[in-house]
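Participant: Sequence lines, in order, name chains A and B. If you're matching positions, the first sequence starts at 143 in my numbering and goes up one per residue. If you're matching positions, the second sequence starts at 122 in my numbering and goes up one per residue.
Hint data in this document are derived by calculation from the structure and do not stem from the laboratory. Cβ atoms here follow ideal geometry from the backbone N, Cα and C, with glycine treated the same way. Where hints are given, some of them may not hold.
To be verified - Some residues of chain A that are not near chain B, with every Cβ distance over 10 Å (derived): (1) N145; (2) K333; (3) L390; (4) E498; (5) T543; (6) D670.
To be verified - Label-pair restraints from in silico Cβ distances: (7) A616/A x K302/B: 27 to 37 Å; (8) E203/A x L143/B: 28 to 38 Å; (9) C298/B x Q157/A: 15 to 25 Å; (10) K752/A x K302/B: 52 to 62 Å; (11) A616/A x S306/B: 49 to 59 Å; (12) A616/A x T185/B: 50 to 60 Å; (13) D169/B x Q189/A: 49 to 59 Å; (14) Q157/A x F168/B: 35 to 45 Å; (15) P159/A x L143/B: 40 to 50 Å; (16) S306/B x E468/A: 43 to 53 Å; (17) E203/A x F168/B: 32 to 42 Å.
Stated by the list, open to error - Straight line, CA to CA, 27 Å or less: simulated DSS-like cross-link-like pairs of lysine-lysine: (18) K693/A x K711/A; (19) K183/A x K277/B; (20) K316/A x K457/A; (21) K156/A x K305/B; (22) K156/A x K302/B; (23) K451/A x K461/A; (24) K305/B x K144/A; (25) K166/A x K305/B; (26) K265/B x K147/B; (27) K338/A x K349/A; (28) K302/B x K183/A; (29) K265/B x K148/B; (30) K332/A x K377/A; (31) K183/A x K151/B; (32) K183/A x K279/B; (33) K451/A x K213/A; (34) K461/A x K721/A; (35) K305/B x K183/A; (36) K183/A x K336/B.
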Amino acid sequence: MKNTIAERIQDFLKQFPPFDVLKKEELFSIAGQIRVLYIQKGEYIFQQDTSCHEEFYIVREGAIGLYRDVKDDQDLVDICDTGDLFGLRIMIIKKNYRMSARADEESIVYAIPATVFEPFIEDNKEVNRFLLGTFATHARNYYTETEKGQKIDNTISIEVANDLSALRSITYNKKPITCSLDDTIQDIAKKMTKKKVSCVVITDQNKCPLGIITDGDLRAKVATGFSLITDTVSKIMISPVVTYSKKLTVAEAQIALIKHNISHLCITKDGTIHSKLTGILSDHDVLVSFGNNPSVLIKEARRVKKIQKLRYIRKQTEKLLKSYLEQDIPTPHILHIISEINDALIVRIIELSLKEMPSPPPVKFCFLVLGSQGRSEQLLATDQDNAIVFEDVDEENYKATQNYFLALANIITKGLHTIGFEYCPAEMMASNPRWCMSLSKWSSQFKDWMTTPTEEGTLLSSIFFDFQYIYGDATMADTLSDVVFDGVNKSNRFLGLLGVSALQKPSPLGFFKQFLVEQNGEHKDTFDIKIRAMMVLIDAARILTLQYNLKGVNNTLQRYSKLAEIEPKNADIYESCAKAYRVLIKFRTRQGLLHKDSGRYIKLNTLSKKDKLRLKRCFRPIRDIQELLNIRFQLKTFM
Amino acid sequence: MQFWSKKKDNNFPDFWKNYLDLFDQKKENKLLAETRFVAFDTETTGFDYIDDRILSIGAVAINTYAIDVCDQLEVYLEQKVFNKDTVEIHGIRKNNDFDMISEAQALQQFITYVGDSILIAHHADFDRNMINSALQRQGLGKLKNRILDTGSLYRKTKHALYQNDRVHSHYSLDDLCNDLKISKSDRHTASGDAFITAMAFLKITPRLHIDKNIKINDLF
Chain A
143 MKNTIAERIQ
153 DFLKQFPPFD
163 VLKKEELFSI
173 AGQIRVLYIQ
183 KGEYIFQQDT
193 SCHEEFYIVR
203 EGAIGLYRDV
213 KDDQDLVDIC
223 DTGDLFGLRI
233 MIIKKNYRMS
243 ARADEESIVY
253 AIPATVFEPF
263 IEDNKEVNRF
273 LLGTFATHAR
283 NYYTETEKGQ
293 KIDNTISIEV
303 ANDLSALRSI
313 TYNKKPITCS
323 LDDTIQDIAK
333 KMTKKKVSCV
343 VITDQNKCPL
353 GIITDGDLRA
363 KVATGFSLIT
373 DTVSKIMISP
383 VVTYSKKLTV
393 AEAQIALIKH
403 NISHLCITKD
413 GTIHSKLTGI
423 LSDHDVLVSF
433 GNNPSVLIKE
443 ARRVKKIQKL
453 RYIRKQTEKL
463 LKSYLEQDIP
473 TPHILHIISE
483 INDALIVRII
493 ELSLKEMPSP
503 PPVKFCFLVL
513 GSQGRSEQLL
523 ATDQDNAIVF
533 EDVDEENYKA
543 TQNYFLALAN
553 IITKGLHTIG
563 FEYCPAEMMA
573 SNPRWCMSLS
583 KWSSQFKDWM
593 TTPTEEGTLL
603 SSIFFDFQYI
613 YGDATMADTL
623 SDVVFDGVNK
633 SNRFLGLLGV
643 SALQKPSPLG
653 FFKQFLVEQN
663 GEHKDTFDIK
673 IRAMMVLIDA
683 ARILTLQYNL
693 KGVNNTLQRY
703 SKLAEIEPKN
713 ADIYESCAKA
723 YRVLIKFRTR
733 QGLLHKDSGR
743 YIKLNTLSKK
753 DKLRLKRCFR
763 PIRDIQELLN
773 IRFQLKTFM
Chain B
122 MQFWSKKKDN
132 NFPDFWKNYL
142 DLFDQKKENK
152 LLAETRFVAF
162 DTETTGFDYI
172 DDRILSIGAV
182 AINTYAIDVC
192 DQLEVYLEQK
202 VFNKDTVEIH
212 GIRKNNDFDM
222 ISEAQALQQF
232 ITYVGDSILI
242 AHHADFDRNM
252 INSALQRQGL
262 GKLKNRILDT
272 GSLYRKTKHA
282 LYQNDRVHSH
292 YSLDDLCNDL
302 KISKSDRHTA
312 SGDAFITAMA
322 FLKITPRLHI
332 DKNIKINDLF
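Bound conformation, chain A alone (with noise of 0.2 Å):
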């Protein structure tokens, strides 16, 4: 019979994955089965904990949002917009909805029916690998939750919907540990504990896996006390195991993990358990291959509980920022997700290692990042600088509070060590009784070097006045650059200093346009790209804003584009500088990375030709701002 609107559904169908690959008159019957609904705005089209529609949706028009309830609150998911499928759940694991459906706008939506659509499913395998990985993006907040085992919190935005990692393939351990059937509970918990993994397969002498005992079973089954730490393995294995072959990816592993409520898969040669094991595939591996998305990762460090979790994620971030600089991503973007994750990973420090005190702060304290770290442009886990200020206390309290925060200094510096910011060399940090101190006694200390600016004063006040606040009583950083900016306004004399010591920084060029390289010590015949390049747009920037009392502006690119605002005249000055400074953080970052180090040093002999030219074309623009800060302060009476 004729119906000329599932004619019309059809031609809409066609246009959009997976129904494009289907052939015309399979489109014609599944067209024909659908049901329209539309949907008002805010109208809920399924909500979390209910059970499966028996039909799955795409959008016709308008946009619906997939939320996670979150106590009182709601995570927005992803948005469908037209083209896009959602509550594919039914297709998948038929189990409750995770997520709520709700019309962001109003909305026309076809539902497809699940039976009529599963047969095409089964025939067709890009269809099935397309549902797969819309799936598997909705649901990987899901499943990175119960990562753990226990219900959490929080959940992770997902923003793109389209991206296709969850079809790469998967990477997991190929060098699984295996134990025979007759090996004692005892033995396979010890050589667990050496090898220091949660699972152990036990493969008969083909290597064939016969079944696996994770960490939950050594726990439920023998610490219980239903098995004793004598017998053999056999008593408490799982089997049999559930096998793939190895050329799974992501959006599979996770789906059969999820379906099978495991968290290990082992993968044989076949893909079944009659061949050898190759290698074994947990649930934290597909975590890994999702730890490429920052939102992820600064939702994981808000709530890992352990140190060493900061530590994996502090590295995943070094993989992150590596694939932002191949994807060439412009410098401020980068900077500024780097040290959202880098800000996120202090905060975690600092609040489990308030755990470790044994009673709570005495009084409000305030703890600020310096240096780099503080214009949020570190990159690389270089050096850690930072500094406590505490709220003023009785002279008889004062030594017993600052014990206090020392001692809690102390943790957070071991913290912050542990995950790979380095101790820092000059001891500027907070576990340092120098650096951790009351507000009066800050306040002090920062007009003592404006007013009696000596060599020391100038150096330490260059560090610590790009500093940021990371947690605790902000009201006291915000006294802090007050006191900066007065003193600033009273002495123009210290602002001439801070200009020679950024006259002074060795130049980056010789005479005849050779790279200057150092001449002694342990980086002996290296270009020095922080002292001779990086330091003199980072000392102008923060000279220039520091005489504009620019507060709250904290960043080199930042600043430079807010002085090219105020000052138009100069403003190319400014913009070249900027654009200087970009070429030169990529640049170090890059050798960082390549070196494994602060990519400080550079061996020229490693650069190519085009590479030194265009860190030559960084110079220029040094040699201007030097010339600016050297008329407007009359730097040469200084000298």
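Based on the hints, put chain B in the right spot on chain A.
Facilitator: Then chain B, alone, in the frame of chain A:
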């Protein structure tokens, strides 16, 4: 009672008797979500109930408050009648890729299809009259279904000031498409217009603060 049963003893065809039976019992006042609505439209040779003829009927059902594409009817009628100038009226479609059936067959399919559902049409009086005169020609009674008119429902969504305003009181299906942002694909085919009418119904009712949880009787 005598009076009603007598009428049914006629030589009506079975489908019509079954149809009448559906209306015998007192109707339960169901929720909209549990009610089957049928949106329909007729395509005709003109606007005269007596002389003009139905060319096609398109209808689609709304079940559980969603348009059910598989629950639809689309029939095309053979044109054998002559108009008053005894000129044969041609079907407006050429190159037909569908079967043509007689008026009697079409009515039987339509009546069986709609059953006791609530009908929805745009400017429903016209479509009802066309169907009724066709039924009359076949020696049958009139449509028994309750009918909703999207035109008058839509008028109710307007401010009271404009409801009886001459300029605003007549809303064509095109006006509804524009105002409610409904795609006009297949406009002026019976099925296309039936679908548009169904969509209009779904979009108008929330504006009247009617949702799937109210009872049918509140609609009339």
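Participant: Hints first: check each against the structure and report whether it holds.
Facilitator: Checked hints:
Residue placement check: N145/A does not keep its beta carbon more than 10 Å from all beta carbons of chain B (closest about 6 Å). Remark: the non-interface label on K333/A is consistent with the geometry, its nearest Cβ contact in chain B lying 58 Å away (cut-off 10 Å). In this structure L390/A is separated from chain B by more than 10 Å, as the shortest Cβ-Cβ distance comes to about 38 Å. The beta carbon of E498/A is kept farther than 10 Å from every beta carbon of chain B, the shortest such distance being approximately 55 Å.
Every C-beta of chain B lies more than 10 Å from that of T543/A, the closest at about 63 Å, which supports listing it as non-interface. Separation of D670/A from chain B is adequate, the least Cβ-Cβ distance of about 64 Å exceeding the 10 Å criterion. With their beta carbons about 48 Å apart, A616/A and K302/B fall outside the hinted range of 27 to 37 Å. Restraint check, E203/A to L143/B: a C-beta distance of roughly 36 Å satisfies the suggested window 28 to 38 Å.
Separated by about 22 Å at the C-beta atoms, C298/B and Q157/A satisfy the suggested range of 15 to 25 Å. At roughly 55 Å, the beta carbons of K752/A and K302/B sit within the given window of 52 to 62 Å. The hinted range of 49 to 59 Å is satisfied by A616/A and S306/B, whose Cβ atoms lie roughly 58 Å apart. In this structure, A616/A and T185/B meet the distance hint of 50 to 60 Å, their C-beta atoms being roughly 54 Å apart.
Range check, D169/B to Q189/A: Cβ separation about 52 Å, and the 49 to 59 Å hint holds. Roughly 38 Å separates the CB atoms of Q157/A and F168/B, a value that falls within the hinted 35 to 45 Å. Look at P159/A against L143/B: about 45 Å separates their beta carbons, and that is inside 40 to 50 Å. The given range of 43 to 53 Å is respected by S306/B and E468/A, whose C-beta atoms sit roughly 46 Å from each other.
Distance hint check: the CB atoms of E203/A and F168/B are about 33 Å apart, consistent with the given range 32 to 42 Å. Of the supplied pair hints, the one linking K693/A and K711/A holds, its CA atoms being roughly 22 Å apart against a limit of 27 Å. Restraint check for K183/A and K277/B: the C-alpha separation of about 21 Å stays at or below 27 Å, so the hint holds. For the suggested pair K316/A and K457/A, the alpha carbons sit about 21 Å apart, so the restraint of at most 27 Å is met.
With a C-alpha separation of about 19 Å, the suggested pair K156/A and K305/B falls inside the 27 Å cut-off, and the hint holds. Distance hint between K156/A and K302/B is fulfilled; the C-alpha atoms sit about 23 Å from each other, no more than 27 Å. Taking the CA atoms of K451/A and K461/A, the gap is near 16 Å; set against the 27 Å cutoff, the hint holds. Annotation: proposed proximity of K305/B to K144/A holds, straight-line Cα distance about 19 Å (limit 27 Å).
For the proposed pair K166/A and K305/B, the alpha carbon gap of about 23 Å is at most 27 Å, so the pair holds. This hinted pair checks out: K265/B and K147/B have alpha carbons roughly 13 Å apart, not beyond 27 Å. Distance hint between K338/A and K349/A is fulfilled; the C-alpha atoms sit about 21 Å from each other, no more than 27 Å. With a CA separation close to 14 Å, the supplied pair K302/B and K183/A stays within the 27 Å bound.
Restraint check for K265/B and K148/B: the C-alpha separation of about 12 Å stays at or below 27 Å, so the hint holds. About 17 Å separates the Cα atoms of K332/A and K377/A, which keeps this hinted pair within 27 Å; it holds. Between the alpha carbons of K183/A and K151/B the distance comes to roughly 25 Å, so the proposed pair stays at or under 27 Å and holds. A C-alpha spacing of about 20 Å is found between K183/A and K279/B, which places the hinted pair at or below 27 Å, so the restraint holds.
Pair hint K451/A plus K213/A holds up; C-alpha atoms about 25 Å apart against a cutoff of 27 Å. Note on K461/A and K721/A: the hinted pairing holds, with a Cα-Cα distance of about 25 Å set against a maximum of 27 Å. With a C-alpha separation of about 22 Å, the suggested pairing of K305/B with K183/A holds against the 27 Å cut-off. Among the hinted pairs, K183/A with K336/B is consistent with the structure: their alpha-carbon atoms are about 22 Å apart, no more than 27 Å.
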